[in-house]
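Visitor: This is what each chain is made of:
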Amino acid sequence: MSESTKKSYSKVKGWLPWAVVLAFTALIIFVLEYLDPNFLRFYGPVFPWESAQMIETLRAIHEFQSGSVDLASYWYSRSGALVGRTGIIISLVCLFVLGPSLWVYSELKHEKTQNEKQDPLSRGVLWYISGIFMVSVLVYAIVNPVQKSIIFRNTWTGADKNRNMDQLRSQLYKLAFDAAEIYYLDYKEKGWDGFRSIEGKDGTANSITLNDLPNYSKSNQNMYMLAPVESDSVITIYGIGHFKGNDTDFQNANGETGRIQLAVKVNPRHNMLEFIESEKNFPGN
Amino acid sequence: MVTGAFFIPGQSGSLWPSLIWAGVAALLYLLTFYFVWIRRFGSATKRKAIGGVLAVIIAGSLVSAGISFENSRRQSSVMKEIRKTIDSGVFEVQIKQAMLKTLRQYHVENTGNGVGIGELFLQNNDSLITDDSLFYPKGLEQRMPDLIAIRLAVAKPDCVVLLAESGYVEGRDANFKNESGSRGKFQTRAILTKEGVQYERIN
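Residue numbers (numbering that gives the first Met the number 0), protein chains in the order written: chain V, 0 to 284; chain G, 0 to 202.
Hints listed in this document are in silico derivations from the structure and should not be mistaken for laboratory results. Fair warning: there could be bad hints in the mix.
To be verified - Incomplete in silico selection of chain G near chain V, CB under 7 Å:
#1 T2
#2 I7
#3 P8
#4 G9
#5 Y28
#6 T31
#7 R39
#8 Q74
#9 S75
#10 K83
#11 G88
#12 V92
#13 H106
#14 V107
#15 L146
#16 R150
Small disclaimer: the values here were computed from a predicted structure and weren't measured. Backbone N, C-alpha and C define an ideal beta-carbon position, used for all residues, glycine too.
One chain only, chain V, in its complex shape (with noise of 0.2 Å):
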């Protein structure tokens, strides 16, 4: 065997070892999963910030729905999913001082005790579940930021377009309830033509428009718009949001295309308000 060809050979037997940890790390994972199908899903978050996220949401979900602050410790898990304080404490050790510890331990023993003539996969049990330990953290150290800044983003891209439809929605209410307030106000002098002849400032009385509803005011993102009235006593009118909305194709009101839009049916005489399903465009993922 030729000098290069040895240290070739020495070069292999040196990761051999490695392809072997990996090997085994991809067949646990895949038994496990097998096992349970949620197992990554559920027990995957090998960090602790990962049960924190959980239950921090649990009590923010406690504090949405009664309105008090959950002081609960968490000790224990809640459900499958959830390790609790405890969990969170056996992860951190294990993480960041028995796994690496471990690992660094047994590999100085490996470096002291190897010689030329060794079987190079003879490392002992010890390098070997230290080293399926640190290969599966290391994968998870760089695969979980990656993915949770993905996630990070669509969520709150996806909050933000549902705050918009929210805004929409509150402001369309309040529009609504103004245009039939003045309906009724103005039914004693003229009887049920009420929103073809709305009485302007100037005296005249014409079609009902945005700027008669007091809550009505120029939003620099969002877009009201009222259709022709064409009705003594219905008309509709538009919120137009600035997020993009689930059917990209859609026809807004103001002749935009995919924006989230809601429209409302404002009809005072039958004392019925009502948002149309057809001329909706709800915020997409």
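Following the hints, complete the assembly by docking chain G onto the known chain V.
Guide: Quick look at chain G alone, frame taken from chain V:
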């Protein structure tokens, strides 16, 4: 050391303070451990490899922890915001619907009968008003006065006044005395007269 650091902050409420303390302790341990033990390796490649692996784990952990922390912070704040939107939205929608119904009857159906607007409101909502003047309009059948309370403050022939108070959402002025006796909570007032509905936030 890590476990001990975890117990420095109190163990009720948010667990982020405990986690941050313990995380800092774990980081200190890892760094100390690395610099003390790494010298014992003969191979420079091995030293670099171990240093690299630990650096990646620390960096990944820091990024992951940062995202989780920010998620928790935002979730808590969004939940509060949603709750505020719901409470204020429920107040306005439920109250205005009930009042506009009375206004409609007053101007459209009841013209000339001489029945006052307050009497009409009481007739319409008799079954929805409790003995202690709490008003539960349709849509608020789940009676939870500790969370959302609408009180009938005045019902006169010429006007009706409703006061709506959240048991959870904070108002602008922390010293504001609410109708229920609590302090600083979100409160609105709606006044119905024959001239229409006047709705305003008073805290």
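Visitor: Determine for every hint whether it applies to the structure shown.
Guide: Hint check results:
| no. | hint | verdict |
| --- | --- | --- |
| 1 | T2 | holds (6 Å) |
| 2 | I7 | violated (13 Å) |
| 3 | P8 | violated (11 Å) |
| 4 | G9 | violated (9 Å) |
| 5 | Y28 | holds (6 Å) |
| 6 | T31 | violated (11 Å) |
| 7 | R39 | holds (6 Å) |
| 8 | Q74 | holds (5 Å) |
| 9 | S75 | holds (5 Å) |
| 10 | K83 | violated (10 Å) |
| 11 | G88 | holds (6 Å) |
| 12 | V92 | holds (6 Å) |
| 13 | H106 | holds (5 Å) |
| 14 | V107 | holds (5 Å) |
| 15 | L146 | holds (5 Å) |
| 16 | R150 | violated (18 Å) |
In this structure, the hints that do not hold are numbers 2, 3, 4, 6, 10, 16, in rising order.
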